[in-house]
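Residue numbers (numbering that gives the first Met the number 0), protein chains in the order written: chain A, 0 to 412; chain B, 0 to 328.
Where hints are given, some of them may not hold.
Once the Cα atoms are required to be at most 27 Å apart in a straight line, the calculated DSSO-like pairs of lysine-lysine come out as [as the list claims (entries may be wrong)]:
no., chain 1, residue 1, chain 2, residue 2
1, B, Lys134, B, Lys110
2, B, Lys134, A, Lys402
3, B, Lys110, A, Lys402
4, A, Lys402, A, Lys299
Source of the hints: derived by calculation from the structure; they are not laboratory data.
Next come the chains, spelled out residue by residue.
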Amino acid sequence: MISRPDAREPRSQLAIVGAAATLGAAAGLPWIQSAPNPLALGSRFLVRNANLLSLIRDWPFAALIIVPAVVALIVACRRSPARAGWGLWTAGSLGLLAVWATSESIIAAGQASGTLARVALWGSGLWIALIGYGLIAYAGVLRLRRSPAANSQWLLLLPIVAIAAHAAWLIFYSEPAGNWLLQVFQQEARTGGIQRRIGEHLWLSAISTALSILIGIALGIWGYHRERVARASLYVAGVILTLPSLALFGMLMEPFSALARAFPVLRDYGIGGLGPAPAITGLTLYGLLPVIRNTYTGLKGVSAAQVDAARGMGMTGRQLMFLVLIPHALPVILAGIRQTAVMLTGIAALAQLIGGGGLGYYILMGINRASIAHILLGAVPAVLVAVAVDLALDWLGRRLTPKGLRLSKGVSA
Amino acid sequence: MSQPIIVFDGVTKTYAAKTAVDNLNLEINHGQTCVFIGPSGCGKTTSLRMINRLVEPTSGRILIDGKPNDSARPEELRRQIGYVIQGVGLFDHLTVAQNVGIVPRLLGWPKQRIDERVDELLTLVGLDPAVNRNKFPRQLSGGEQQRVGVARALAADPPILLMDEPFGALDPITRERLQDELIRIQQVVKKTIVFVTHDIHEAIKLADRIAIMRNGRLVQYDTPEAILWRPADEFVQEFVGTDRVLKALGLIPVWSVMEPGEPGPKWPGDWTASTVPVAATLRDALSAAIANGMRDTAVVDERGAVAGWIRRERLLTVLEDLQSREVAS
Numbered sequence: 000m001i002s003r004p005d006a007r008e009p010r011s012q013l014a015i016v017g018a019a020a021t022l023g024a025a026a027g028l029p030w031i032q033s034a035p036n037p038l039a040l041g042s043r044f045l046v047r048n049a050n051l052l053s054l055i056r057d058w059p060f061a062a063l064i065i066v067p068a069v070v071a072l073i074v075a076c077r078r079s080p081a082r083a084g085w086g087l088w089t090a091g092s093l094g095l096l097a098v099w100a101t102s103e104s105i106i107a108a109g110q111a112s113g114t115l116a117r118v119a120l121w122g123s124g125l126w127i128a129l130i131g132y133g134l135i136a137y138a139g140v141l142r143l144r145r146s147p148a149a150n151s152q153w154l155l156l157l158p159i160v161a162i163a164a165h166a167a168w169l170i171f172y173s174e175p176a177g178n179w180l181l182q183v184f185q186q187e188a189r190t191g192g193i194q195r196r197i198g199e200h201l202w203l204s205a206i207s208t209a210l211s212i213l214i215g216i217a218l219g220i221w222g223y224h225r226e227r228v229a230r231a232s233l234y235v236a237g238v239i240l241t242l243p244s245l246a247l248f249g250m251l252m253e254p255f256s257a258l259a260r261a262f263p264v265l266r267d268y269g270i271g272g273l274g275p276a277p278a279i280t281g282l283t284l285y286g287l288l289p290v291i292r293n294t295y296t297g298l299k300g301v302s303a304a305q306v307d308a309a310r311g312m313g314m315t316g317r318q319l320m321f322l323v324l325i326p327h328a329l330p331v332i333l334a335g336i337r338q339t340a341v342m343l344t345g346i347a348a349l350a351q352l353i354g355g356g357g358l359g360y361y362i363l364m365g366i367n368r369a370s371i372a373h374i375l376l377g378a379v380p381a382v383l384v385a386v387a388v389d390l391a392l393d394w395l396g397r398r399l400t401p402k403g404l405r406l407s408k409g410v411s412a
Numbered sequence: 000m001s002q003p004i005i006v007f008d009g010v011t012k013t014y015a016a017k018t019a020v021d022n023l024n025l026e027i028n029h030g031q032t033c034v035f036i037g038p039s040g041c042g043k044t045t046s047l048r049m050i051n052r053l054v055e056p057t058s059g060r061i062l063i064d065g066k067p068n069d070s071a072r073p074e075e076l077r078r079q080i081g082y083v084i085q086g087v088g089l090f091d092h093l094t095v096a097q098n099v100g101i102v103p104r105l106l107g108w109p110k111q112r113i114d115e116r117v118d119e120l121l122t123l124v125g126l127d128p129a130v131n132r133n134k135f136p137r138q139l140s141g142g143e144q145q146r147v148g149v150a151r152a153l154a155a156d157p158p159i160l161l162m163d164e165p166f167g168a169l170d171p172i173t174r175e176r177l178q179d180e181l182i183r184i185q186q187v188v189k190k191t192i193v194f195v196t197h198d199i200h201e202a203i204k205l206a207d208r209i210a211i212m213r214n215g216r217l218v219q220y221d222t223p224e225a226i227l228w229r230p231a232d233e234f235v236q237e238f239v240g241t242d243r244v245l246k247a248l249g250l251i252p253v254w255s256v257m258e259p260g261e262p263g264p265k266w267p268g269d270w271t272a273s274t275v276p277v278a279a280t281l282r283d284a285l286s287a288a289i290a291n292g293m294r295d296t297a298v299v300d301e302r303g304a305v306a307g308w309i310r311r312e313r314l315l316t317v318l319e320d321l322q323s324r325e326v327a328s
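The shape of chain A in the complex, shown without the other chains:
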């Protein structure tokens, strides 16, 4: 439902939660942690900590961090018009930039003056403030989407582009940083490690998604014709999905190593108990259920009258499938593909458990070394890749849905 710009909106609870979290974090949680090395427990600096504030006398530090949250809180609490979406969005994005920029200044100033130890890390308060401002900006976007006035939606991407550009500059071009997280990111990015892992991650998930789509659609179509095939394949795919991923990967190691023992030539192609082959197989098996289920239900959802009319006018089985059934089921099938793609992009992080590579490499390394920085180095790109895949397939799905199906029944133009 599209609301008129002057209509009174309900309070934006998302923005209120975001603002409250930010203000709470700024009031009481550690902002920066400083330690002699990455494993040691360091000292914590709070926003209201005098030492911390004195580090950056030139910056109206607390105000920069706190004011956007207060503004957002006021805007969100008033039952404001949809136009207030711009207010929330601006406050959220400015807040994000302010938190980040001030933290960099603090660390840089602290290390220059010797107040902060060699290793500095973002504290929990700073993380929560980032999340809080993210929520505020997102609440603004949600509100703007409902308003017909806001057509310049590309503008909404501006803070994301700014943050990405800034992060890229920090990681690739800035001086080696005192921020431990940044140090790790810089090291891996400048040696090409992270690029390689992202590439592996995309490759693993893309190959296994493609295989899931091929096998899943074939089984869905077969199941449309034979009910028993549908029931059996849905059951098996469902059981596979209930297996813990670690167990599934482990179970696949043995057959693959047996295969490689029996046919040593396979080793030349990288097929063995460890490596991408069992990982891709496991991921493919995992991704089957949404594709089979949505293909089957999508095809079954085509009305009996359309099928009868198509057959009665002389369509062959193949024409019925490609001219009527699949175009009609396409939105549902694409939704299943999207679900599988996003799921597999996420689970691909576990492929490293059996030597499959991908971003799981950093996550496992971080767990082994108790290094939050490495865990984040794996997790943050993994999340970004999954979100990007989701958005891309959502867009594709809407583009590919035939216009006649987007209309709800009984609408006259």
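Given the coordinates of chain A, assemble chain B onto it according to the supplied hints.
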């Protein structure tokens, strides 16, 4: 008079437990409208679906133009036979024009010929092509959808049209209107129509021949007149109902009994004549007369000009004739 185009030759269809159609023998002539009617489960739809082989008979054969209908692939056969069903079955993802043009597309017609044919057919079924060709089925009303369904069935100009309760899901007013339209369209296209219904009014209105079925057997196959006045047995009599006089009136077109006349002298200033169109039946004329105190009824042509009159005396004479037949039978 003319050659039969469809012949049922001892056709039987049995499903595991029951016989749906039992030894059906029937001939349908070129250009006629044959209506299958009967209670639910009498085998009328099965009979229709055996013509285009959506159902295959257990025994017996069906001849179309003298050739058994299983002498070619079923898809080839079906592309030569128009098919209209109760659920319409328009393809939601295609536009009206694409729906109508689908059989020509399957037959590989060039695009321009398809476009011309689509516009011609939409006009024939009473939809403005300019307004409707790019609409989607979900943007149409039920009646409009079935008009498109009829246009789609006629697209490749098939000699035979199968219609399985095509107006069954429509409201009574729309149904009546589409029946009139079908009669008009049939006068233009002159197809052989096989029509299934369970509505005796519809059957009498549309049929040249009515086939009454019961439990898979053909009970009577005759003209509407004969079905009304010479029912083969009690079942048919019961099925036709008690108001045979009214139904018989519905079989007599007004042009056959109207007297030519000028509006001027016979049109006294103190009352306005009821009017019926030339295409109406005496049943419509009677309704119009009753509404106007049983005075004379004017018959008007498409332009609204008076073409003639149904005199009160003439109407009553026809009624008395029919009543005496009713008493006699």
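Outcome of the hint check:
{"no.": "1", "hint": "B:Lys134 / B:Lys110", "result": "holds, 19 Å"}
{"no.": "2", "hint": "B:Lys134 / A:Lys402", "result": "holds, 10 Å"}
{"no.": "3", "hint": "B:Lys110 / A:Lys402", "result": "holds, 22 Å"}
{"no.": "4", "hint": "A:Lys402 / A:Lys299", "result": "holds, 20 Å"}
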